[in-house]
Each structure stands twice: as C-alpha cells, then as structure tokens.
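Those protein sequences? They're chains A and B, same order as listed. For what it's worth, numbering that gives the first Met the number 0 labels the leading residue of the first sequence as 0, then goes sequentially. For what it's worth, numbering that gives the first Met the number 0 labels the leading residue of the second sequence as 0, then goes sequentially.
Please keep in mind that the hints were generated in silico from the structure rather than gathered at the bench. Owing to the predicted nature of the structure, the values given are computational and were not obtained by experimental measurement. Mixed in with the good hints, there may be bad ones.
Which residues of chain A face chain B? A few of them, derived with a C-beta cut under 10 Å, are [what the hints assert, rightly or not]:
no.: 1; residue: Val-28
no.: 2; residue: Asp-32
no.: 3; residue: Asp-119
no.: 4; residue: His-158
no.: 5; residue: Pro-287
no.: 6; residue: Glu-299
Here are the simulated DSSO-like cross-link-like pairs (lysine-lysine), alpha carbons at most 30 Å apart as the crow flies [claimed, not checked]:
no.: 7; chain 1: A; residue 1: Lys-234; chain 2: B; residue 2: Lys-208
no.: 8; chain 1: B; residue 1: Lys-50; chain 2: B; residue 2: Lys-208
no.: 9; chain 1: A; residue 1: Lys-98; chain 2: A; residue 2: Lys-1
no.: 10; chain 1: B; residue 1: Lys-263; chain 2: A; residue 2: Lys-319
no.: 11; chain 1: B; residue 1: Lys-57; chain 2: B; residue 2: Lys-23
no.: 12; chain 1: A; residue 1: Lys-203; chain 2: A; residue 2: Lys-112
no.: 13; chain 1: B; residue 1: Lys-232; chain 2: A; residue 2: Lys-283
no.: 14; chain 1: A; residue 1: Lys-252; chain 2: B; residue 2: Lys-314
no.: 15; chain 1: B; residue 1: Lys-50; chain 2: A; residue 2: Lys-172
no.: 16; chain 1: B; residue 1: Lys-208; chain 2: A; residue 2: Lys-283
no.: 17; chain 1: B; residue 1: Lys-42; chain 2: B; residue 2: Lys-28
no.: 18; chain 1: A; residue 1: Lys-317; chain 2: B; residue 2: Lys-208
no.: 19; chain 1: B; residue 1: Lys-23; chain 2: A; residue 2: Lys-319
no.: 20; chain 1: A; residue 1: Lys-203; chain 2: B; residue 2: Lys-270
no.: 21; chain 1: A; residue 1: Lys-234; chain 2: A; residue 2: Lys-172
no.: 22; chain 1: A; residue 1: Lys-44; chain 2: A; residue 2: Lys-194
no.: 23; chain 1: B; residue 1: Lys-23; chain 2: A; residue 2: Lys-317
no.: 24; chain 1: B; residue 1: Lys-208; chain 2: A; residue 2: Lys-319
no.: 25; chain 1: A; residue 1: Lys-89; chain 2: A; residue 2: Lys-22
no.: 26; chain 1: A; residue 1: Lys-317; chain 2: B; residue 2: Lys-263
no.: 27; chain 1: B; residue 1: Lys-28; chain 2: B; residue 2: Lys-185
no.: 28; chain 1: A; residue 1: Lys-1; chain 2: A; residue 2: Lys-146
no.: 29; chain 1: B; residue 1: Lys-303; chain 2: B; residue 2: Lys-270
Just so you know, even glycine gets a beta-carbon here, dropped at the ideal spot from N, CA and C.
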Amino acid sequence: MKIGIPRSLLFFYYYPFWEELFKELGIKVVVSDQNNERIMNKGVKYSISEICVPMKVYVGQVLDLVEQGVDLVYVPRIVSIQKDVTICPKFLGLPDMIKYSLEGMENRVLTHKIEQESDDISNWKDYQIFLEIFDISKKELKRALKKASEKWQEYRAMHRKGFTSDQLLEDVKRTPDTGDLTIGVLGYVYNVYDKFVNMDLLGKLREMNVNIVTFEMIDDEVIQREVDQFAPRKKMFWEFSNKLLGAGYHFLKSDEIDGVIHVTAFGCGPDSILGPFLDIDSDKYDTPFMTLRIDEQTGESHLLTRVEAFVDLLRLQKTKEARKCEK
Amino acid sequence: MNDLYIGVDIGSVSINIVGLDDSKDMQFKLYKRNPGSPVEVVKEGLASLNKKLKDRFKIAGVGVTGSGRQLIGYILGADIVKNEITAHATATIEQVPDVRTIFEIGGQDSKLIVINNEIVTDFAMNTVCAAGTGSFLDHQAERLGVEIEEFGDLALQATKDVRIAGRCTVFAESDMISKQQYGFTKPEIINGLCEALVRNYFNNLVRGKELHPRFVFQGGVAANAGIKAAIEKEINDEVIIPDNHDVMGAIGIALLAQEEMREKDEPSSFKGFSITHDNFETSSFICEDCANECEVIRIQANGKTIAMTGDRCGKWASDPRDIDVKDETSA
Chain A
0 MKIGIPRSLL
10 FFYYYPFWEE
20 LFKELGIKVV
30 VSDQNNERIM
40 NKGVKYSISE
50 ICVPMKVYVG
60 QVLDLVEQGV
70 DLVYVPRIVS
80 IQKDVTICPK
90 FLGLPDMIKY
100 SLEGMENRVL
110 THKIEQESDD
120 ISNWKDYQIF
130 LEIFDISKKE
140 LKRALKKASE
150 KWQEYRAMHR
160 KGFTSDQLLE
170 DVKRTPDTGD
180 LTIGVLGYVY
190 NVYDKFVNMD
200 LLGKLREMNV
210 NIVTFEMIDD
220 EVIQREVDQF
230 APRKKMFWEF
240 SNKLLGAGYH
250 FLKSDEIDGV
260 IHVTAFGCGP
270 DSILGPFLDI
280 DSDKYDTPFM
290 TLRIDEQTGE
300 SHLLTRVEAF
310 VDLLRLQKTK
320 EARKCEK
Chain B
0 MNDLYIGVDI
10 GSVSINIVGL
20 DDSKDMQFKL
30 YKRNPGSPVE
40 VVKEGLASLN
50 KKLKDRFKIA
60 GVGVTGSGRQ
70 LIGYILGADI
80 VKNEITAHAT
90 ATIEQVPDVR
100 TIFEIGGQDS
110 KLIVINNEIV
120 TDFAMNTVCA
130 AGTGSFLDHQ
140 AERLGVEIEE
150 FGDLALQATK
160 DVRIAGRCTV
170 FAESDMISKQ
180 QYGFTKPEII
190 NGLCEALVRN
200 YFNNLVRGKE
210 LHPRFVFQGG
220 VAANAGIKAA
230 IEKEINDEVI
240 IPDNHDVMGA
250 IGIALLAQEE
260 MREKDEPSSF
270 KGFSITHDNF
280 ETSSFICEDC
290 ANECEVIRIQ
300 ANGKTIAMTG
310 DRCGKWASDP
320 RDIDVKDETS
330 A
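Could you put together the complete structure from these sequences and hints?
This is the structure in structure tokens:
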C-alpha cells in the first residue's frame, strides 16, 4: 500500500513524525512534489476562490498525489495539540473538504482525529483506526508511535540549534550563519517554507547575507511566557497563532534580532489580529516590523522591493548605531 | 571633464532620467510618461542627455530604480540597481534633512516613508488597492473631461464640501455620477475626489501611525494642488513639495550611484552611449525543464542575447545565452 502525504500545511512541522510512523508500520510513503506552477494551478482550479492560498496549495498537492497513483492520501483532522486550544477551523474541516469537494476522493483519504495535549502527537488513542486498516497489533502501533515521537523530537532539537525546517527537510545547504543581520521571519510553516508562493523569501534573505530565525527555534517555555504575559487571563488564539504571538514578542524584545518580517497569506483571519498587535508594539521595542502579504500572484517585483528596502533600512540603522558606539 | 551620475527611474506611469554633477547639482532632467516601451524612452532620453552634456561631462556612475529596474539595469550596465523606497528617501533627505514623514503618491503605487535622524525607520506601500494612487485620479479626470494637469487647481475653487465614497474606485465612480446628477459643480466633485483619495491613503498606509513633521509630499501626484490641500487638511500641518518632486526616485538613485562609486574605486560599468543606437528586442519563451514552466524573458541587443530574467531557478539569468527556442513569442 502506498500512502501519499501532501507537501503542504503542517507537513513542514510534522513530516519527520509521519515518515517514521509509516516506515515503522512497513507502509510506503510518497510525498507530493515541491509546490510549483502546475500544482498551484490545479489547486486554484479545484478550490473555492475565497479560501486562503495555503488551502488551495493543499488541494493541488492532494491532486498531485492522486496522479502519482497513491492508494490513500493521509489527511489527519488536527483538532488540538494543547488542552483547550484548537487549530484554525479550516484544518478541522480539511478531511471533509478533500473527500467531498474533489471527485473520486471519498474513499481515498486516510483520516483520523488528532486531539492531544502536547505538540508530540504520539498518544496511541487517536490512531486506533490504524489497527484495522493496516492490520497491526496494539503493540506494533505503540512501538511505531514511540519511534515516530523520537524522530520528531530529534527534528525539534535541530530547530533549537538554529536550523530552519527547509534546511532540515530539503537539500538546502546547512551553512553556519555568517550574515551581519538577523531577521525574525514570523509566519505559519506553510507560508514560510512554500518557496513557490513566497517567491523563495528565505533564499532571497540568505542571498542578502541575512541570518534567519523562525518560531520553531524558540523554546516552548519562552513562547508560553510571552503568550501568558500578553493575555494573562484569556487564551488568545488558535494554536499556531499563539506560537507566532509568543515568538513574535520574543523577537521584538530580543537584542539579537534586528527586524521582524511577518509573512501572512491574504485573507488570513487570525493574522489580521495578530499582525497589528505586533506591528503597533514594535515601536515600543524599537524593532522594525514589516508585513509581507502573499497570495496567488507570481510577479516578484513587489516582494523584492519590500524585502530589499527593509534590509536596507536595517543595515543603515545598524551602521549608524555602530558609528554612535565608536564615538 | 567633470563627473556625471545618471539616475534612471522606471515607474509604471513615468520614466525619469536625471544627471547630477559632482556637487549634486542637476544638469539634466527628463520626466516622460511611460507609453509601455521603457527601452525606447530610455534610449531617447540618454541620447538627448549625451547631446546636451557630452562636451563637459563624462559618465562616472549609473543607477536604476523603479519597478522596471532589473531589465533597464542590464541594458545600461548599471553600477547600482536599487528599490524605489531607498531611492526616494535618499533624495528627500538630501533636500530636506530634517524630514520625518514622506508621502509619496505615484501612478500605480503609493508609499509612506517614516524617517528619523536621516534614516528610514518604517515604510508602508499600498497592497491590493489602487484607490489611493494616481491612476485613480487619471481615470476620474478622463471621466469628467478635465485635463489631469488642471485637475488640482479646479479642486481649490470648490466652495462646498461634497463627500465622495473613496474606498473603491468603483464606488467612487457611481457616487460621483449621482452627485453630478444632484447638481454639484465640477470643482466640488473634484475636491471631493481629492479628499477621498487622501482618506484612502491614510486608511491604507498610515493606519493610525503617529506622524511627525516635517512632512514632504512627492511623486507625480504632488503636482496636484487639490491633493496637497487635502493632505494638509488631514494632518493639520504644512507639507513641503520638494523641487523636482516628480523625479525624486531618479535623483535618489543618482546620489546612491555617486556614493557607490566613491566606495568602489572602480570605473563605472556603464555600457556607453552606443546603446542608444543599438536595437533591443524583448522576447519570451516557456522553459519546460521543470513543472514551474517559467516565462523566461530574453533581451537581445542587435540579435545577440544580453540578458535573461523571469526564471525562478536562476539558471537562465545567471548565464544568458543565444538559444533556438520554438514557440517563441515576441513581446
């Protein structure tokens, strides 16, 4: 049996877990191609027009897997990875969207609910459906989940050493950071690592000799502390928006980060609240903040102009501060 | 022979060329509406610059900015190719050193640039909406049958306020028609439009940011007295319109070219005025080497490929070459 995993959405956060899990169960995994024009066009064609671009990409990726002849596409219903905090509602409805809006998909989706109390999604109770589908014992399932969890923890540990997910998942060179500037790139993994949609923002920054810091590199405790400080009595957002909020405030306050770029998909609801909070408070911490909105367009010049101007601004400020110190 | 630094700004609506001498004085200025063939306009512009200045100046540096900067940068052999935000700010700071806020309204985009101690600290550009830009005015002027050059001064003749919905050009147009039908005068409606545009600019770009004087207003739309008045009303302060407000991007990139050449200590990479006689042709083809199917733009000078762009992977851009491609489309 061949299981397809779309290279989109939380792929960039959970792929090492899923890869190991299926490998341990002896199931062949096929990952869809890197997002490209053809996949994107398909996604746009088969989605409703007003949905956000990451969801359109996901649809395209699913269709790519079907073309590659997989038996089932793995579309877990990720509800929650922290008690009382859920994920964006589009994720909750994702399996239904794929099953019933794409022709012939009704019986080609492997789905089950993931509703856990931590990021480590290895509690076996959510995976009971695997027992029957793959004809395995409870013991085998638990063992595979344990292995997957270990693999994923290794992946997360590499993040904390300063590697971005594209460096860990793809053949992006893992060169040590030598840039004279450090920018916090804030955004959901599927916006930050979809090179096609964001026109290789990370590559462009690296070419400009900029070091990149993302939320995955920040310790959970630091993120949680910032979120609690921001809203002591109330849980603010959906899961990954909380992570970005915490990481964002940490970036703004940190002396090691020269500026913050918020990458957001046009029409994202949570980001429309998250962004302005950080934007307004960025003045307080004297850290430049820029919003980069991505959508279906492929013209690069608007993005390049903004990124280049932002990097210019940070460099000039830095040389000026350095001059001030010399005096 | 004195040194001359050329600045070229390839905007969506206009193409501007300036020549600055060593002491930053302007020796040449050209503001020309972009009819869609920037290469031709630049060639003609440079030819007239050469004619005027060739006896006294030699070219010491060339800079290109604006949304079409990459292509023209290749053709000219520019020493520096930079975004228009940095270029605009550089020019303004040179002229008005204590500037804190720049309002820039161009043909297809508008910008807000915030400056502190001669350094850009924040900027915003319009995103998905054209309602706060020059093309909005262009379109409405045409509808009202008024020359765009007279548009602003007419607004100042208004004696009553008329509120025109400005959130979207489509709504503005229908609102304008109904206000016309109620019998409001042209100046009143134009004034309402100017205020709508400024309201839009503030809603989209300023978004409640605290702005500090001195205020500078530049870009093609700064020629419009009605817009200037509407901005002053909005901020309740005076705005300065710099000399040569319409070519600030070109001035800025010329200044940056000068700075670059001073640091580089190398001769300019400018390809020389012979390019004004060259025959440039742009064509494109779809590269089918991967699923991205990029449209690769190719620029040929006298039949020889000199630059390629538009490929996501960069394999054409980094090594432009003559190739035989079928299904080639001439642009």
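Handout entry: Unmet hints by their number, sorted upward, for this structure
Key = 1, 3, 4, 8, 12, 14, 15, 21 and 27
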